[in-house]
Amino acid sequence: METIGWKVGGDQGEGIDSTGDVLATVLNRLGYHVYGYKSFSSRIRGGHTHYMVRIGDRRVMAPSHACHVLVALTQETIDRNVAEVVEGGVVLADEAFGPSLPASATGVTLLVLPLTAMAREAGGLIMRNMVAVGASAQLLGLPLKAFEDYARDKFARKGEAVVASNVAALRAGHEAARERAPGVVFPLPPGDGRARYVMSGNQAMALGAYAAGCRIMAAYPITPATEVMEYLTPLLPRRGGAVVQMEDELASIVLTIGAGFAGVRAMTCTSGPGLSLMQEAIGLAGMTETPTVLIDCQRAGPSTGMPTKNEQSDIEALIHGGHGEAPRIVLAPGTPEQAFSDVVLAFNLAERYQCPVLVASDLSLSLWPQTVESLPVREVTIDRGERVSSEALLAMGKDVFQRYALTESGISPRSIPGQPNGQFLATGAEHGGSGKVTEDPVNRVQMMRKRFEKIRNSFDVPGIVDSGPADAPVLLVGFGSNVGPMLEARELLEAQGLRARVAQVRVLSPFPAAALAPLVAAARDVVVVESNATGQLRRLMGENGVHGDCVRSVLKYDGTLFYPEEIVRSVLEGAGVQEVLR
Amino acid sequence: METIGWKVGGDQGEGIDSTGDVLATVLNRLGYHVYGYKSFSSRIRGGHTHYMVRIGDRRVMAPSHACHVLVALTQETIDRNVAEVVEGGVVLADEAFGPSLPASATGVTLLVLPLTAMAREAGGLIMRNMVAVGASAQLLGLPLKAFEDYARDKFARKGEAVVASNVAALRAGHEAARERAPGVVFPLPPGDGRARYVMSGNQAMALGAYAAGCRIMAAYPITPATEVMEYLTPLLPRRGGAVVQMEDELASIVLTIGAGFAGVRAMTCTSGPGLSLMQEAIGLAGMTETPTVLIDCQRAGPSTGMPTKNEQSDIEALIHGGHGEAPRIVLAPGTPEQAFSDVVLAFNLAERYQCPVLVASDLSLSLWPQTVESLPVREVTIDRGERVSSEALLAMGKDVFQRYALTESGISPRSIPGQPNGQFLATGAEHGGSGKVTEDPVNRVQMMRKRFEKIRNSFDVPGIVDSGPADAPVLLVGFGSNVGPMLEARELLEAQGLRARVAQVRVLSPFPAAALAPLVAAARDVVVVESNATGQLRRLMGENGVHGDCVRSVLKYDGTLFYPEEIVRSVLEGAGVQEVLR
Amino acid sequence: MPEVTLQDFKTAEKSWWCPGCGDFGVLAALQKALVELGLAPESVAIVAGIGCSGKIGNYINSYNLHTVHGRTLPAAMGLKLANRDLTVLVAGGDGDAYAIGMGHFIHALRRNLDITYLVMDNHIYGLTKGQTSPTSEHGFVTKGNPAGSIERPVLPLSLAVAAGATFVAQGFSSNQKQLTRLIQQGIQHHGFSLINTISPCVTYNKVNTYDWYKKVLFNLDDLPDYDPRDKVKALGMLHEREELVTGLIYYEESTAEFAHQLPGYREEALVHQDLTPDPDELLKLMEAYR
Amino acid sequence: MPEVTLQDFKTAEKSWWCPGCGDFGVLAALQKALVELGLAPESVAIVAGIGCSGKIGNYINSYNLHTVHGRTLPAAMGLKLANRDLTVLVAGGDGDAYAIGMGHFIHALRRNLDITYLVMDNHIYGLTKGQTSPTSEHGFVTKGNPAGSIERPVLPLSLAVAAGATFVAQGFSSNQKQLTRLIQQGIQHHGFSLINTISPCVTYNKVNTYDWYKKVLFNLDDLPDYDPRDKVKALGMLHEREELVTGLIYYEESTAEFAHQLPGYREEALVHQDLTPDPDELLKLMEAYR
Ligand SMILES: Cc1ncc(C[n+]2csc(CCOP(=O)(O)OP(=O)(O)O)c2C)c(N)n1
Ligand SMILES: Cc1ncc(C[n+]2csc(CCOP(=O)(O)OP(=O)(O)O)c2C)c(N)n1
Ligand code: SF4
Ligand code: SF4
Ligand SMILES: [Mg+2]
Ligand SMILES: [Mg+2]
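Protein chains in written order, with the numbering used here: chain Z, 13 to 594; chain A, 13 to 594; chain P, 2 to 291; chain G, 2 to 291.
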């Protein structure tokens, strides 16, 4: 895919994020597709950070190394990133720090502009980013007007003076680049003019929760999950609901279970450390058959790990992390659209199957904005699952209702607190049909079966999304944010004459072995692509009986995303486990 | 194996336990082998409980249904247990409750004795158990003197009056049975007169910890793990150490890590719910490379589950329960001797590999007493792992020591607080050789590899203990307390002409795939025997590449132990997954 | 609706408690309080902890949620936020509340959501067979502490007052009248109510027995001029009397309850809402992402 | 041994804190206190939490254990029990201490093991970018609470006193002299010492700034007849002054320290023991099982 890469870098806490966001938003409005990704670390100010916006005329879902314009606010930015600048690319640097290019950077133009000085003139240092954006617009051949319109929109409520400063900054940058740059460096073909949406997975998941009727969200802040809380904070009160920040993750999940027991859609959201803390309570949700939704935004573990880095290493903890054996459904979206739909689905499945449903996101999916055509908001349906009617309860009388009645489907219609005669005991201890605690061995087996079979028997969510020719020799298997790099890798492979098929695993539990097995059987080379060190997805396949001599791994666990070329290289070169290294 | 089954049953809180213990102890002193197992529930008083002592002239490691003498203190005891009484067996019942046999009980003698009345005469209701024991001695043809000697030993420090009461009770029961019973019902061949030891796994593990130099134990009470605390409570202060009861399991494991960091052997012990709560901190131990020992006494889960029932369902949580990927060694003893040795080993491995070592016990192994020849106390060796010497540090000077230096083995010699120049940062965040936090991708990969490879490369503990003919068509694979039932099942199968081999999995992680695979390959029918509902061991095999069409499961998850005949039946009848049901 | 009777709050379940256990009295007082308040069983939700005490939910005909150990309070918070029409009660032991549950306890107090918390305090771990609990006295002997506990006991009442609680009381399982009244007051209090309840364990605690308590407990009802609205005085009194008092210790008359302060607060309970989504609203919300 | 200097307690690591962060002052005072007490770096162990504050261990040349969020205190307990020769300090943020760590906090206070705890209190979550913390004031506005916090803040000092603490102080990162002295006193106190330390977050907390604190904080050093040994008076003072004081708030002079009460207590640190087992002792112990 032919795309243009624009990157801005500097110290953390100096507005790098918003600079990238401005560019991405305006590009989207002009009808381009964007994919933004950042490198940042677990500190508030200082330390290098950069933000790359990859621009295309069709969907972009993966990162690229190819940087065409690098905006550098520090020399460190140049030193760290110049190797990625393509032949003919431009490094746009602030005069203030006396920038220089390393000798190795051949074919790259250094364009030094007095960004700081121009910013001061336009209204203060804070305008530096806008100056840089204005200059970038010129280098990419984008209409300045679109940026000025954006500034007007964005800053209108801050007053005319702020708008004027921003516009002045944009113009100053644009003008300076026009004067001093060697012309438009990488003229983008005109965008199609259709403004789509630029969204991260976290944003989509928050909207999904709201759309699904989530009314209570209880959570404890943690990177990269906190934003889901923050996006829901203004939304839930629209319907009388609330986001509550709890004292820890143990409280958050248990509050969610309490609300679910009461018949209200609730959820929690966390990352690895929080997931570990929630393991006991997830079992409680399974045992009491209480609808419970949990989003896990995976980051690089274990322990504190690398909180701002990408990884897909919680799979086993998501599926098997609790003591004993309780049912869990685990969904794995790979795009913002899927993230939206999966959260909606999670709420429906949680109520239909009366069990915890976990949505496995990862840092890349959660945080990186990308252009999406739209979210399927009109397709949202609400399934509250099987409930016993108040009339039926009335007819039953007291002490008759069997909350955990054995049924063919394994699903027992539930009552909701407030319904007369629906009273029951929901307990994490083993219990009989009425909910009363019992250790009877026969009952035990029935209940264990019931809890698992309700999912195994009737789970009808497609677990594998596959694309590509059925007779392709290569099968790429992966999930989460790796779906973008895999799809692009397939294109690159095909360009080299090697046909490949991509199987995105959408459901991690119950594992869609039946759907995946024939794809694996049909391929000559099955490459399981995942962002972790131990090949958790491949092992999950093995444990579910999907194996074969041709199944191998490509692993990346250095905290960065897969680049499509890395997958391509591993497919072409590899045998056995391939690890992507620097 | 020909054995005699003696069982006592009654209400919880009425001394059933001590009745069984008296019999087991005296039998052991006489040179018999015993295996005791109980059924009890999660309440303090009331509710039926029973205690079966299986008696043999060689090692007994499994339960049996065959009850020869049933001592019943309530009618419920008779009703629930009479079906297990063999043809020719005796039900010895207390006159006080007006016992009766059901019509179905043919060939069984009901022997009604005024246990309560005799007890009152001998010194009070509390003597009832001794009366019953005295009567049992007669029925089994055991010398009364051995019981009297026991009573003298046991109650000496309570004073002569107590001894006299107990002796009187024993004699009264013995006499009554001699008068009213049809003679010695099941004369045991004389014991070999060698007093061995009667021990549970928890007792052996506590001794193992003490032998291994454990000085601090931090835990929170939970069935069936609490006893490990209780047994260690008097032991650790002998060496200046202590058992500390913490506010929860989160505190317990982190205290253990703190002590390990300080260079002292420490451990915690819990059951499933506690294990779930410890998941985050286990990752911290892995990441900081801090020696940490944890015993998990598994019980029936999930959530509160059935706290007093047996299960082996924490395997996945033990190996994979935490977020992210951190090394864990998981050992699985199956007998008290192994339990002792594995705890010793756990401390050595924890220090050698600087990582958390988890010992997976299960309720049956933890609680049920059995005769053991001895514990290998003379084989205990202490390996404190690689440490940097104070001389070397002195020579190094300040700020030079690399706590996490990359080495060939992956093991980095560690310093202990107090050593000059050995200061370093131990952090759960990713770090470089010095311990300082870094998110550098190259370092990340090196460190992740280091932490896993130190175990993978150099782990030299035999993971599989196999016994039986190498060319047997049947291979039984299992672990923990199921080893006894499996070994006995092998005997029963061979008696029926079907030769079988038993592979006990002693190490669950790193999984001994290389050792197990050839055994699996050599067998025609591989039966994985485990006490859980989802076949966790079988799936663990699959995830580690040990699979095959002939691998199938026998599962039992009703909270009771496997009986050898159940395994036999499943092997003979089965195909596919077999579930043992009632 | 016919009038509610005690029978309505009973279940067929036979109790698993030891004869004489203090928990019987707590259960009885709770049932009486609910009846006297005229509450319908279906409008009462009880969240119970793990322990002998935590079995209380098995014996009371209401909506019962038996959680994992120590996590009752957040569960109750979820319940109450979801359905503010419910009377939400929490019950559990001193270990459940003050050991593993301590963090949630302090936070629940300062949040002041309208929940009533009955801690069934026997100064011991009953269900796990007699270990030291956070309220066990210094020097208290158990298997795990053969030389006696070396920790200062948790002082739940002082802690609660210091933590910002708006209703703090202590009851005694043997004083049914007072306990029933305190529970009623707690339920009626518009905010979080703590009722630490002395509930002797007759099997494992041979020190803090009924007789012992009867001797040492001072009844604040006998002190007509005690003013439970003075925080500092309450703390002083608790200190002086080593918390060995029963009655209403501290309350704040009109206080900000948690749910009412929520920005989205509505009179109607959330559980009654129709969840049908409004795609147009969603599309409008999406505009922020262009 | 040569005399210890400030340099000995520094590391090569460059700080990750924002310029102006209050944590710099806490670090400096801590280093000064250690130097003034003449402690050798290898004899100091610091357990730090997760948060901006938790990075303090990165910048101090001692044995440092950076735990998971909220679990510093039990780790420190393990360290101290293992090696009583070490000076064990704990440092972390208000979230680490009073949100997720609250349970351990209360229990550490009542255990009274000889540890010094510096809570670096900025009334906000710094590292996760500005959420409400348990010490944030009622009404405090963050992204998560655009209408202002609706919870009563945790009052750490009152709670500590009520929980049975034996040394409770509050310092201010800007008052280096007092803070250094308090840390020294805390270390010298034979038991658990809490020093809640005001350490402003200049990036996310625009309300509780240095200037604001300078205005509202009252220095107890200016109140020569304040008696920090009277528990009830201390509680009253804290209530009255809304905890906006610095200095030594409460202490008990001679109190039972945890480790010294352990039945097996020995002068020699456990870490120095030879672990060679004694098989004969083990065989003797096994006799109980015949
Ligand atoms: C996470 C976890 N840890 C430990 C236990 C074991 N456990 C069950 S009840 C209990 C404490 C009982 O004491 P308390 O709360 O005072 O209740 P009581 O039995 O005295 O009424 C414990 C530790 C558990 N169920 N879950
Ligand atoms: C179990 C867990 N939950 C959440 C987090 C995310 N987290 C990191 S620091 C922090 C709180 C920071 O606040 P505070 O303790 O006050 O420290 P400060 O940054 O203000 O110094 C949180 C919630 C985590 N690391 N681990
Ligand atoms: S053990 Fe104690 S608390 Fe538990 S039921 Fe018996 S008397 Fe009550
Ligand atoms: S964000 Fe606040 S607490 Fe964190 S380093 Fe910056 S000023 Fe300090
Ligand atoms: Mg209790
Ligand atoms: Mg803070």
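Keep in mind the hints are simulated off the structure, nothing from the lab. Fair warning: there could be bad hints in the mix.
Mimicking EDC-like on lysine to aspartate or glutamate, the simulated pairs with C-alpha atoms at most 20 Å apart in a straight line are [unchecked claim]:
1) Z:Lys166 / P:Glu288
2) G:Lys130 / Z:Asp33
3) Z:Lys462 / Z:Asp452
4) P:Lys207 / A:Glu26
5) G:Lys232 / G:Glu258
Violating hint indices (sorted, rising): none
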